[in-house]
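A.B. asks: Here is how the chains run, residue by residue.
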Amino acid sequence: MKVEIITPDHRVFEGDIKSIRVPGRKGSFQVLKDHAPIISTLENGPVIIVDTEGQETVFEINGGVIEVKMNRIIVLAESVN
Amino acid sequence: MGNLKEIRVRIASVRSTRQITSAMKMVSAAKLRRAQDKILKLRPYANKLHEILVNLSQSLAEKQAENIYGRISVPEKILLVVITSNKGLCGAFNSNVIREARRLIYEKYPDQHRNGNVTILPVGKKGYDFFRKQNIKMLPDSSDLLNDLSFNNAVIVAEGIMKSFVAGEYDRVELIYNQFKNAAVQNLTDEVFLPVETCHPDESEAAMPADYIYEPTREDIIEELIPKSLKIQFYKAVLDSFVAEHGARMTAMHMATDNASELIRDLTLEYNKARQASITNQILEVVSGAEALKG
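Chains as they are written, first to last, in my numbering: chain A, 56 to 136; chain B, 37 to 331.
One should not assume that every hint holds.
Taking lysine to any residue pairs in the SDA-like style, the calculated list, with each CA pair at most 20 Å apart, reads [to be verified]:
no., chain 1, residue 1, chain 2, residue 2
1, B, 264, A, 118
2, B, 264, A, 117
3, B, 84, A, 111
4, B, 267, A, 117
5, B, 267, A, 96
6, B, 77, A, 68
7, A, 81, B, 267
8, B, 84, A, 110
9, B, 74, A, 67
10, B, 217, A, 70
11, B, 74, A, 65
12, B, 77, A, 124
13, A, 124, B, 249
14, B, 67, A, 64
15, B, 264, A, 125
16, B, 267, A, 63
17, B, 84, A, 98
18, B, 267, A, 65
19, B, 84, A, 108
20, B, 74, A, 63
Quick list of the computed label-pair ranges, beta carbon to beta carbon [as the list claims (entries may be wrong)]:
no., chain 1, residue 1, chain 2, residue 2, range
21, B, 63, A, 64, 52 to 60 Å
22, B, 124, A, 136, 40 to 48 Å
23, B, 152, A, 80, 22 to 30 Å
The set of hints was computed from the structure by calculation and includes no laboratory data. A virtual CB, placed ideally from N, CA and C, is assigned to each residue, including glycine.
Extracted from the complex, chain A is given alone in its bound form (with noise of 0.2 Å):
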């Protein structure tokens, strides 16, 4: 599964991963391996990537999208801290 995290101003991430958690507009969720595909407005608050190996990063964004469409998944924040 792969995913992007993209900024206005950097490529804050980009690789395979096991899952990701996003702060979605009406709560936070998971996204695992073949997930609906989905487009989601998202808040403030963690996103928490886990990667093939199990290693847990974690961004704090303001607000932004996801998009998750065939185990691609795009997330757009508007920053990140």
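Could you slot chain B onto chain A? The hints should help.
C.D. replies: Showing chain B alone in chain A's frame:
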């Protein structure tokens, strides 16, 4: 001797011109670096957002959902956003854009033009100056945007365009601008801004749009995402043109500096030749005078 002095004066004037062009080149190079940084970072974001938008509006079209920015009708009323620069001395930068705009008006939309339904929104003084003299409807120019180019200022212009599209004042909005490729190359780009296009021409997945889950709701997504993406797209176009302008000016000034150097070389050669000729002449006169005295 008169000839000698003339050449000397010309060399001096070419030299001072070279100094100016080379200074302008430096200034453009510095501005280019700063602006280039911005556009290169913005681009991936803008492209992805646009991609999402295309996917989104495609699956909306499938469901016949309401999308005020995707209203497709026979394009009767056209708005062309012509993005040029405020200042000249940048080679063919502006004339390329203007030529493309004219081509669109006279070849792509001749009927609409005849009916007076083609409107120009000039961003940049050069485009404004050109179309002011033509018999074409024109909105007040937004050249100030280029003097202080920021996302927030671009948003003001973009919102104006979006509002008049939604209100039905225009059926189609196109952006014409120079896209920055590198300092020496600009790609002339003609891009449909509104309505939001519903299919990607070169994407095989386009045939089967994903059935998205929308969170919180589809309406919220449309309301939030589409205007955001359009604003980014507009800002990107203006920024692209802004960066390309500095690239074009840097290249043009570089050429001018080179030409001046060459001219100075030629003139110096000519000057030396003329000086040598006058010395030879003087010697000849002295020698022949002495010969005559010997008798």
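A.B. asks: Take the hints in turn and mark each one as holding or not.
C.D. replies: Hint-by-hint comparison with the structure:
no., hint, verdict
1, 264(B) with 118(A), "holds (12 Å)"
2, 264(B) with 117(A), "holds (15 Å)"
3, 84(B) with 111(A), "violated (25 Å)"
4, 267(B) with 117(A), "holds (18 Å)"
5, 267(B) with 96(A), "holds (17 Å)"
6, 77(B) with 68(A), "holds (14 Å)"
7, 81(A) with 267(B), "violated (25 Å)"
8, 84(B) with 110(A), "violated (26 Å)"
9, 74(B) with 67(A), "holds (15 Å)"
10, 217(B) with 70(A), "violated (27 Å)"
11, 74(B) with 65(A), "holds (9 Å)"
12, 77(B) with 124(A), "violated (24 Å)"
13, 124(A) with 249(B), "holds (10 Å)"
14, 67(B) with 64(A), "holds (18 Å)"
15, 264(B) with 125(A), "violated (24 Å)"
16, 267(B) with 63(A), "holds (13 Å)"
17, 84(B) with 98(A), "holds (19 Å)"
18, 267(B) with 65(A), "holds (18 Å)"
19, 84(B) with 108(A), "violated (27 Å)"
20, 74(B) with 63(A), "holds (9 Å)"
21, 63(B) with 64(A): 52 to 60 Å, "violated (25 Å)"
22, 124(B) with 136(A): 40 to 48 Å, "holds (43 Å)"
23, 152(B) with 80(A): 22 to 30 Å, "violated (45 Å)"
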